[in-house]
Amino acid sequence: MNERRQLQVPLEPERYELRAASPYHFDLDRREFFKFLGAGLVVVSVLKPVVVAQESGGARQRRGESLPQEINAWLHIGENDKVTVYTGKVEVGQNIRTSLSQAVAEELHVPIEKIELVMGDTQLTPFDMGTFGSRTTPTMNLQLRKVASAARDVLINLAAAQWKTDAQHLVAVDGKVTDPQGNRSVEYAALMKGQQLTETLPAEDPLIPAADWTVAGKPVSKVDGRAFVTGQHRYPSDQKLPQMLYGKVLRSPAFGATLVSVDTQKAEQMGATVVHDGNFVGAAAPTSQLAEAALAAIHAEWKAEPQISNKELFDYLRKNTTEGKDPTGDGDRYETGSVDQAMNAADHQLKQTYTVQYIAHTPLEPRAALASWDGDQLTVWTGTQRPFGVCGQLAEAFRIPEAQVRVLMPDMGSGYGGKHTGETAIEAARLARAAKRPVKVVWTREEEFTWAYFRPAGVIDVISGIRKDGTITAWEFHNYNSGSAGIKTYYEVPNQRIVFHAVKSPLRQGSYRALAATANHFARESHMDELAHAVNMDPLEFRLKNLKNDRLRAVFEAAAKQFGWGETKTQGQGFGMGGGYEKLGNVATFAEVKVDRKSGEVKIARVVTAFECGAIVNPDGLRNQVEGSNVQGLGGALFEAIEFDNGKILNDRLSQYRVPRFSDVPVIETVLLDRKDIPSVGAGECPLIGLAPALGNAIFDATGERLRALPLIPNGLKAA
Amino acid sequence: MSTIHLAINGKPYTVDVDPRTSLLTVLREHLDLTGSKYGCGEGQCGACTVLIDGKAQRSCITRVGSVSEKKITTIEGLANGDRLHPVQQAFLDVGAMQCAYCTSGMIMSAVALLEKNPHPLPNEIVDFMDGNVCRCGTYLRIISAIQKAAKATPETAAAKGASR
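From first to last, the protein sequence lines stand for chains A and B.
As numbered in this note's numbering, residues 105 to 824 make up the first sequence, in order.
As numbered in this note's numbering, residues -11 to 152 make up the second sequence, in order.
The following block holds chain A by itself, in its conformation from the complex:
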């Protein structure tokens, strides 16, 4: 597949949580409004909700991903010589505060220490859909480079006017414009004198080519790393305001339950602010202990419908498709050639089914928000990948215009796609409104495991037809529920039928780092391994025979070389591979496992990943992302799975839900292919997708046992 076709693959499929209904429907007691806004505003406030509900809905539709063209929306040079950069993207551990600073430093020609990024503040930064889909590097990095480059040109012209000389003779170096001939220079700050850069971005402005980068393209350590190693950085859950209360929310005993009756009298007598509004019941108090005690004193009765357990999951997914209604908004079917005919004519046919379980993101920092009302203005500090999305959710929940809501996102304790929604923001704001004081809500680990959303489970059927010489002639692929990201095959097959079947999921599901690309690559790359064995071909040779995409071939070849593919194995050893492309990046991962057949223990000895994402912006940050993807990927590949029954999560604690630890981590070798001729793209997701099939294929290589379910070995391999 060539570069152009690769770019046409939809970038943002299946983000189920964004289409989910609002978690709460508040009545918003009129008396509360009344008291809240003050007597003089009664008439206005009673009429307001209907009008603004329409306004806020409209505002959300209006905003696309079009980027402001004025430099000052993005960048300001202060009189103190500091360069302030504004972006709606947020820092969740992927290190973009650093990589975006590098991009600005490179084009503006200022030392990186002088740059400060304001990120994810809905009042100060340009609108941004959210930090997901590996979009920061291809879009925001490029945008800020353009902005910085335009600002540099403005500064040079200002100096030229001041010195009455030709701008051609001047250069920008180290935060100054310099006239090498006139032997004079002037600081940016002195040129700007605190003025705004009101100029718009030029249509054509050549950026510095990657081959000539001096700051970008180099390993730069985390720009504010010191605040983290000293414990000084304030995460969302660390935020505090004077007079702040701690809020807790009463949870129903099962998903989808409705409140039948509630008695809050005792809790109120304890000195807590108690709110009962529709299905929402919560308490706020000066200490978290008192809030918890008040919550425990609330007596509530709930009614819930019977629900399935994870034991029936895969059968349920097949039987509960919602055909014709694709919730992802993408095409759910891709067909080319004549699959049925080709399948019948094939020398071999193979039909296999692969499954993936629901897993939890388990960000180490659970959801958290601090909300504060000032009249009818709401300010919320919260951990989210979509501050503007949460702003819209708050406006909708409280029926106020988005302009009256400000969401700020302090660099948070990760998300992995799991923090797109604003539950804690809404909960804290609802309690704060009643308490008339700021309220902070931080979810417990149990709440995070139960009331966040999960990576979708799925069933994938693959049917293939192949010639004796190893040419794949027919390919049919059906994904039930897990999603359409990475569903298309990059192998050259003339006859294909690829279908995504949407399902009414029994659990709340949503985005997870790499989306369904992990599941789809697991199925495809496992199946490729099975096909290679069916025709007695080497799995690498078999892949390359059916693969034309040069960038993908290059990563497979680079990983194979580093790994030493083809070397002889020892007893119990197994080698396997998996790879593909996603979010415009290309990855191949090779794994070595060691299996003790007596005990059933599987040790992951070594993982080699080759990755290519265009021109590398920060090789150190990139390596960190690739290594981290492999470590996080180990969990979903080997042992993570959510267990549930009748609307409850059964393993809602870290002692019951196993995540990768130090002792699980193999030797990881990362090979980075730096393609300076290709625009830089993201790296937070793609490196994850090769690991699961590589491990499954390596276990097969060691044991002859084919595992087609993720997680592969939640309880080790059964002893031989």
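A few of these clues could be false.
The calculated SDA-like cross-link candidates involving lysine to any residue, where the alpha carbons are at most 20 Å apart (straight line), are [stated by the list, open to error]:
id, chain 1, residue 1, chain 2, residue 2
1, A, Lys698, B, Lys58
2, A, Lys423, A, Gln411
3, A, Lys707, B, Leu72
4, A, Lys780, A, Gln247
5, A, Lys322, B, Val114
6, A, Lys344, B, Val3
7, B, Lys136, A, Lys423
8, B, Lys58, B, Val3
9, A, Lys707, B, Asn111
10, A, Lys322, B, Asn111
11, A, Lys322, A, Leu777
12, B, Lys(-1), B, Leu80
13, A, Lys344, B, Leu19
14, A, Lys370, A, Phe384
15, A, Lys608, A, Leu777
16, A, Lys370, A, Lys344
17, A, Lys752, A, Gly360
18, A, Lys752, A, Ser356
19, A, Lys344, B, Glu64
20, A, Lys344, B, Asn111
21, A, Lys707, B, Val114
22, A, Lys572, A, Asn448
23, A, Lys707, B, Pro110
24, A, Lys707, B, Asp115
25, B, Lys136, A, Ser325
26, B, Lys136, A, Arg330
27, A, Lys415, A, Asp749
28, A, Lys344, B, Asp20
29, A, Lys707, B, Glu112
Rather than coming from a laboratory, the hints here were simulated on the basis of the structure.
Fit chain B to the known structure of chain A by using the hints.
For chain B alone, coordinates are given in the frame of chain A:
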């Protein structure tokens, strides 16, 4: 409610709380020492790790009433003014973090390890640190950082940092 006296980072504090309250809650809510993090509430993730008399303890499952006579060190008390503790410096140099929410706990555990065993082997690091979770998966870098700190540390510096 009781009045409890605490010695944290060499400073005396007095709090009026139920002695069964977790040390983590007291640090974060009462004393605004938010460098120690909540991650699981059951001692499984290590994000809340502090040193109690030099030993790494999970403050989320430590009752505040049980530590009133002891020396408590949190991440905020590790640096000596502007000079970072060698373990902090090594984490920074190696880039042993992504979101860094686990970092305080990792550093505190590592300090306790190096105090006990100034030159640990890689498998000794893995064994000691296995109760600390990094969801971003920076474990290999954390191991490198600990090795680097061990190398950079004069024999007694880790112990000094821990007992201060």
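Against the structure, the hints come out as follows:
1. A/Lys698 <-> B/Lys58: 46 Å, violated
2. A/Lys423 <-> A/Gln411: The given pair, whose Cα atoms are some 15 Å apart, holds under the 20 Å limit.
3. A/Lys707 <-> B/Leu72: 37 Å, violated
4. A/Lys780 <-> A/Gln247: It holds: about 18 Å lies between the C-alpha atoms, which stays within 20 Å.
5. A/Lys322 <-> B/Val114: The given pair, whose Cα atoms are some 30 Å apart, is violated under the 20 Å limit.
6. A/Lys344 <-> B/Val3: Given pair lysine 344 of chain A, valine 3 of chain B holds - Cα atoms ~19 Å apart, limit 20 Å.
7. B/Lys136 <-> A/Lys423: 55 Å, violated
8. B/Lys58 <-> B/Val3: Holds: lysine 58 of chain B and valine 3 of chain B sit about 15 Å apart, inside 20 Å.
9. A/Lys707 <-> B/Asn111: 15 Å, holds
10. A/Lys322 <-> B/Asn111: Violated. Lysine 322 of chain A to asparagine 111 of chain B sits at ~32 Å, over the 20 Å cutoff.
11. A/Lys322 <-> A/Leu777: 14 Å, holds
12. B/Lys(-1) <-> B/Leu80: Status violated; Cα separation ~27 Å.
13. A/Lys344 <-> B/Leu19: 12 Å, holds
14. A/Lys370 <-> A/Phe384: Holds, at roughly 17 Å.
15. A/Lys608 <-> A/Leu777: Not satisfied, since the Cα-Cα distance of roughly 41 Å exceeds 20 Å.
16. A/Lys370 <-> A/Lys344: Since the Cα atoms of lysine 370 of chain A and lysine 344 of chain A sit roughly 28 Å apart, the hinted pair is violated (cutoff 20 Å).
17. A/Lys752 <-> A/Gly360: The given pair, whose Cα atoms are some 10 Å apart, holds under the 20 Å limit.
18. A/Lys752 <-> A/Ser356: Holds, at about 10 Å.
19. A/Lys344 <-> B/Glu64: Holds: lysine 344 of chain A and glutamate 64 of chain B sit about 17 Å apart, inside 20 Å.
20. A/Lys344 <-> B/Asn111: 40 Å, violated
21. A/Lys707 <-> B/Val114: Roughly 15 Å separates the two Cα atoms, so the pair holds.
22. A/Lys572 <-> A/Asn448: The given pair, whose Cα atoms are some 14 Å apart, holds under the 20 Å limit.
23. A/Lys707 <-> B/Pro110: With a Cα-Cα distance of about 17 Å, the restraint between lysine 707 of chain A and proline 110 of chain B holds, given a limit of 20 Å.
24. A/Lys707 <-> B/Asp115: Holds. Lysine 707 of chain A to aspartate 115 of chain B sits at ~16 Å (cutoff 20 Å).
25. B/Lys136 <-> A/Ser325: With a Cα-Cα distance of about 16 Å, the restraint between lysine 136 of chain B and serine 325 of chain A holds, given a limit of 20 Å.
26. B/Lys136 <-> A/Arg330: 17 Å, holds
27. A/Lys415 <-> A/Asp749: Measuring from Cα to Cα gives roughly 9 Å; hence the hint holds.
28. A/Lys344 <-> B/Asp20: Given pair lysine 344 of chain A, aspartate 20 of chain B holds - Cα atoms ~9 Å apart, limit 20 Å.
29. A/Lys707 <-> B/Glu112: Holds, at about 18 Å.
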